[in-house]
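S.K.: Two chains, two frames, a set of hints: combine them into the complex.
Protein sequence lines correspond, in order, to chains C and A.
Counting from 1370, one number per residue, gives the positions in the first sequence under the numbering used here.
Counting from 999, one number per residue, gives the positions in the second sequence under the numbering used here.
Think of the hints as simulated: they come from the structure by calculation, not from any bench.
From the three backbone atoms N, C-alpha and C, an ideal C-beta is built for every residue, glycine too.
Any given hint might turn out to be false.
Claimed, not checked - Which residues of chain C face chain A? A partial, calculated answer using Cβ under 7 Å:
hint, residue
1, Glu1410
2, Asp1418
3, Ser1440
4, Thr1471
5, Leu1472
6, Thr1475
7, Leu1476
Now for the letters of each chain:
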Amino acid sequence: MSSASERLVIGVGHPERQDDGVGPYVAERLSRLGLPAVAHEGDGTGLLDLWAERRCCYLVDAMAGAAPAGSLVVFGGSQVGKLAAVPFVRSTHQLGVPEAVTLGRTLGRLPGHLVVIGITGCRFGFGAALSPAVRRSADGLVARLARALRRTSR
Amino acid sequence: MTASTRTLQVDALARVEGEGRFQVRLEGARVVQAEFSIFEPPRYFEALLEGRSFRDAPDITSRICGICPIAYIMSASQAMEAALGWQIPEPIASLRRLIYCGEWIQSHVLHTHMLHAPDFLGLPDSLALAQQDRRLVENGLAVKKLGNRLMEVIGGRSVHPVNTRVGGFYRAPEAASLHALLPELERCEALSLAALETFASFDFPDLEPDTLFVALRHPSVYPLAEGRIATSEGLEIEVAEFPAAFIERQVAHSNALQGQTRDGAAYLVGPLARFNLNAERLPPDLLEHAERAGLRPGCRNPFKSLLARQLETIYALREAARLIRDYVPPEPSFVEGPLRAGTGHGATEAPRGLCYHRYALAEDGSILAATIVPPTSQNQRQIELDLIATVERFHDRDDTALQWLCEQAIRNYDPCISCATHFLKLDVERV
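Same shape as in the complex, but just chain A (with noise of 0.2 Å):
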């Protein structure tokens, strides 16, 4: 190592779901190396499935996480009912997109105010930020709890809910449980919207690397669970078409596949990917509210992943409370058709970006293969490209407050180790 080498690693990163390290060489100002591992065990899900009924599949893959169940149900779901042919109705799609949203708040509103706003008030956990801001953490903490019951109320538990199946549900909530819930929606935006307010006044590393921004689109609404998929760069394809645009691939350096483009780039899923692609579809005040915040369509920094997050908590409680608010329970809660051989492909935005599903199925509806490409595997590699543009557009900083960045940078994207982790084969390349 020469005097100008420097080498930032963490090797237990914190604040994240799962066990992963990081590590950047630079020379002076440049970065040689930049490695995001993930040493988290395989967990060979898609290996698990073969040969099971497709029924298995949504309850089997919600397993791969606990923070995010209904991602991998809804597109496992969606992916069945494509192979087989079967079409979802409004009602059970409202209530669909419903237990999504109450995910979605659970999920966004532990990672930012437990664990990403205290990277940017330099404190070491929650623990700490409680301390310092009471109000910011309870508040946090009771929406949250709002996200949890609105996913007991419609899946039977807010983890790994057990009320969802192929075709829709078990049995459809009574409204009246449902709308017990609108008082404490309405209170939890207005704490939701304060929060907002705090976190714009951070301070956001100003960084704008070039990126490329994957996201389901829609043509009326912003998307959870429906819509095709499109990138910053103008394409827009069908679910179906993501193997002919996205591929995954082995690294030596790490237990996960890493996904790019098919021309080898690397590209960002997530809030800010959402924000950017579907702006338009949030309400015009919600905009505003962005725009307050300083956050705007277009927006590249990874820092500011945290209001784009915050923004979606809110979206999701009011979109919530209209769901409820128009809630007729579906009769029947599920629909069913005849089994038949083919492939379907599955794709909704689990909380940390675009989780994608493919199930080729046997005439009796056995799985055949399967394939999840979740979201965190595919942010990887962008990942890796944030830290080099992190470290060398701060190189002049100390190792500390460099790594500590460089920590940020990779909580940007909430990662979830866990779930990345699932892939069926581990080719291990020993150089």
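So that you can see chain C by itself, here it is in the shape it has in the complex (with noise of 0.2 Å):
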């Protein structure tokens, strides 16, 4: 069985952009717990890092989509295929999180296991808070992580 180290937690977002900073927050609340979980701000190539020598990462990211806010999809094997349609909020300029994905396939540097869990925002705007619907729902989210890392570590 695989140890907690082998396996991550990554929020990737922009804490100070509303609804964009949930991966942030996500990873914050699992690392008080103790968990493996780190913040990253989206360069793709960095998360080709983060996920070397990983059996297992959940990546957690905002979209922006028609979907109601706080709405979940979970992109797990061989769906992960389809992020590149998938609106993910990103620069155009760094590697977001569908092409790091399509990249990592490429070089044969995605972990293990990839799960891409998105959440549907609303506001993308300036400021640190993120919307009701998608507090909930990351809070939701947390604890259903923390569920399934400390199930697989021990």
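M.R.: In structure tokens:
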């Protein structure tokens, strides 16, 4: 069985851009529980380094889309390949999450098991506060990920 | 529109930082309009600084860009130290040069390998490049990771470092943590030399427009954060004389001010300018590598900026190794002095070119006025001239091929549009 150190939750986003900060929010709360989680601003090349030699990574990022705020979309296994069509919030210069997944697959640098969890946001302006719907969804996700990490580390 | 009129337009440029578009109209073989438009919203950084402490400027202005924060930190710090009359000891200046090497490495390699190289291979992006040449992309990622690591060790983190301050550093890194990077610096220099050979094999469009180059020049070193401002027409001035020689002007089609000389001429800043004005400061063997790659001092082909940028990556890797071998932690790690009213100027070489700052301070060190002139603002007009030269030179190509070349001509500058929209006032001229 894999150890906790082989598993990692990566929260992608900018904590000062409202709902785009949901990934770092999730990572911070898991870290406070003593679980392996890091925040990442989203440069895809840096994601490749974080994935290196991990057996399992959960990547949490904000999404923009028509679904209600707080909606979760989970991509695991072969579904990760569908990410390219998903409107994740990303920079125009650096590689975003979908590009990092595609590049990681091409270079053989994906973790053994990658689960990408998108949370639909509704506010992407300046400020640290998550919208209420996104925060509720994020708190629920923290509880689920904590259970998953503790279960697999036993 | 007549039958002989063609319009090339891309509304959302890819593989650049920020939001920009271009439009070129040509009649027959003659361009009648060329506009490089930046529609990223203005960001008001200069107004944001007014009334704040001089100590805040490096950290606040570093937020202008996530790719080149060191350029803003260093130019702002220099300007503040000039205003206050603080002298920076050599060990602190060397450590600044070292962290600047890290920024050049990570920024340059991101552009050369991931954003610009695909243009020369007819590929849409770095993902396609990774499928075609996995080794090149893997090696580029390794070099970028090392540049980021160098910034982390010195600056505390690679994006918007937190260990820098006016006067130096909050804490000097331990020598052992820097020495641990030496083997990877040597490995990455070899990888980068191999990449230069790969890039040298690319087919560079044959274009040599008249260009005025502007960069720092220093009597003994290839400039990163030191030297006077020089031009390819022979002007050489102190950094404080920048406003006397260069201005910014508002144009209706762009949210970013455009730089030009006082005489109204466009000019180019960045790797090609630095190389042309400082080639003799490079180690002889690197000049030989440049020569073999097809890059010679005096080169005016903007497409060969790829080679200049890659050559600078190699130089920065080697310079970083030299600085680490000579490193003695500065003690103290920063200097301080009395406050006073005054005006200070700072200019350093961001990866994309000259980054100029000017601040007026009150007696208590609060900022009365701020002016920031980033490289992409200065390059905007030259980019438009390059678009004209490119379209007129290759007008016989079909629209798809010509549009591709135009996008490539813009990416020659690795434009950072977010940096360019920093300015204080937005005067919209409606016609």
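S.K.: With 7 Å as the cut and Cβ atoms as the points, is Glu1410 of chain C at the interface with chain A?
M.R.: Hint on Glu1410 of chain C: holds, closest Cβ of chain A at ~6 Å, below 7 Å.
S.K.: Please check whether Asp1418 of chain C passes as an interface residue: C-beta within 7 Å of a C-beta belonging to chain A.
M.R.: holds (6 Å)
S.K.: For the restraint on Thr1475 of chain C, tell me whether the closest CB of chain A is nearer than 7 Å.
M.R.: holds (4 Å)
S.K.: Restraint: Thr1471 of chain C near chain A, CB-CB cut 7 Å. Satisfied or not?
M.R.: Interface hint status for Thr1471 of chain C: holds (5 Å vs cutoff 7 Å).
S.K.: Using 7 Å as the Cβ threshold, decide whether Leu1476 of chain C counts as touching chain A.
M.R.: Status holds, d = 6 Å.
S.K.: For the hint on Leu1472 of chain C, does the least C-beta distance to chain A fall short of 7 Å?
M.R.: Constraint on Leu1472 of chain C satisfied, holds at 6 Å.
S.K.: Taking the least C-beta to C-beta distance, is Ser1440 of chain C closer than 7 Å to chain A?
M.R.: violated (27 Å)
Comparing the model with each earlier hint shows a violation of hint 3 alone; every other hint is respected.
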